[in-house]
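Knowing the structure of chain A, use the given hints to seat chain B on it.
Just so you know, the protein sequences line up as chains A and B, in that order. Counting from 326, one number per residue, gives the positions in the first sequence under my numbering. Counting from 587, one number per residue, gives the positions in the second sequence under my numbering.
Incorrect hints may appear among the rest.
Unchecked claim - Straight-line alpha carbon distances no greater than 25 angstroms define the calculated SDA-like cross-link-like pairs of lysine to any residue that follow:
#1 B:K659 / A:A400
#2 B:K650 / A:W539
#3 A:K462 / A:S438
#4 B:K659 / A:I541
Unchecked claim - If the Cβ cut is set under 7 angstroms, some of the chain A residues that face chain B in the computed set are:
#5 Y332
#6 V333
#7 A334
#8 R335
#9 M531
#10 A536
#11 T537
Note that these hints are calculated values from the structure, not bench results. Beta carbons are placed, not taken as given, at the ideal position from N, Cα and C, and that holds for glycine.
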Amino acid sequence: MALNVDYVARETGTNLVRNVGLTIATILTVVVSLVLVGAAFLIRQGVDNAFTTWRGGIELIIYLEPTATPQQTAAMRTSLADNPEVKRSEYVDKETAYKEAKKLFKNSPEMLSSIKPSDLPPSFRVVPVRGDVATVKVLENQYAKSAGVREVFSANDTIRTVQAIAGFISNLVVLAALILGMTAAVLILNTIRMAMFARRREIEVMKLVGATNWFIRVPFMLEGLVQGIFGSVLAVAVLVFGNNLFNSQLDKRGIKLLANFAVSNSDVTGISVILVVVGITVSVIFSGIAASLYLDV
Amino acid sequence: MITLENVTKVYKGDVVALKDASCEIQKGEFVFLVGPSGSGKSTMIRLLNREEVPQAGKIFVAGKDINGLSSWKIPYLRRNIGCVFQDYKLLPNKTIYENVAFALEVIGRPKHVIKTQVPAILELVGLAKKQRNYPDELSGGEQQRVSIARAFVNRPLILLADEPTGNLDPATSVGIMRLLDRINRTGTTVVMATHDRGIVDSMRRRVVELDRGSIVRDQVRGVYE
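So here's chain A without its partners, still in its complex pose (with noise of 0.2 angstroms):
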């Protein structure tokens, strides 16, 4: 059955209008927990991008030296196999330690064209089986006077703590968001069921002369829509927002220890497309459900 494109649109309009407030409060909390989930996920690309390196319980980085042969780079390999201390590692080459380059000095160009891979020295990333400061201490002295060993890195505790205190952060906002999203759909929900509700009578009437339930259902899924697409688009537009202003300050402050955690326009698109993907899904969705439920009115 052909939907008339003018009778949807003036009915979904109706709606929004009637429930002018209710739909605004909607919009709102719609704004603000896929705002949450948005910073959650900055949040977390901003730790990663500082310490790209040190993911995945890696504690120790073992640098060898650019000249190192195959050998020597054998040797280390079968040594950190045998290791008890040693739950596993990962041979890093040149190229793949460029790449890191590349992605983390992406903001700055200048820097990039000043390091060719034949410059980066390959590395071995070591996840020991028990993270404390001792063991990495033994394991860094361990392999410090190595053949063709350069520099031995361990993760101190900042980082560690940083980590952490970042790892936190981020779980409580995406608790706070799951919960407002939640507030959100059951918001949705119940817009959609008050406009079903003004318009009880309309209903009974569509039923009465045969109108299909998805021709009645129609226009409250678009509000739904509707309200999905207004909270996404505002979320989207206060995440630019406030990442601008904080890597503003950054550069105007010149506050270099935080340089690195900056996150790129290309991440902050990324997270947007989830964004609005996320929010037009769940309203319409919730609005979809509600549409059901509530059409014996």
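Frame of chain A; chain B shown alone:
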């Protein structure tokens, strides 16, 4: 056109609304359902419109067993059935024209059809001049005419009327009955539940009498009694 086979409908709390009722209504017939309040008249109307489903028995409308109808097909059944109620069920925030047009709009009729059908049907019920008025600006009789126009604008095969004159004075009721009679003459089957002795006696059409859920009389050219 309509066949009921041993239909039983029991509401919650063992309230028996219809008990083993059987009856057959031919195409183009005009049938009065009479009986005291609670005898099952309205239930019968609601069963024919598939607003209710019986516990036992079969109901055929236009050759189809409507009890077994899947829910997505019900709207298409209802497009063949016009409904008129005692309380009109008009939408107060729409004009007379919009009220009637709404019935066509929501079943997806194109605009040009609506533009020709609606004035024609309003002309038929004698309300062409009140198209732009709202329901509360009309008398009860006029509002009922609008609701008949809405029920009939889609040219249904069957018109169900549940006490359409229940809220109207005798003179106005006569006008409504003339209208229903005219619609019946176009070949539409009309089933009307009523309490109105005067109307039934003067029309001399088929009368089906219900008493506590059972059909106790089925009389061609009958009277109310």
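Hint-by-hint comparison with the structure:
1. B:K659 / A:A400: This hinted pair is violated, its Cα atoms lying about 76 angstroms apart.
2. B:K650 / A:W539: holds, 23 angstroms
3. A:K462 / A:S438: This hinted pair is violated, its Cα atoms lying about 35 angstroms apart.
4. B:K659 / A:I541: holds, 15 angstroms
5. Y332: Nearest chain B Cβ about 6 angstroms off; hint holds.
6. V333: Nearest chain B Cβ about 11 angstroms off; hint violated.
7. A334: violated, 13 angstroms
8. R335: violated, 10 angstroms
9. M531: holds, 5 angstroms
10. A536: With a minimum Cβ separation of about 4 angstroms from chain B (threshold 7 angstroms), the hint on A:A536 holds.
11. T537: holds, 5 angstroms
In terms of the numbered hints stated before, the structure departs from hints 1, 3, 6, 7, 8, listed from lowest to highest.
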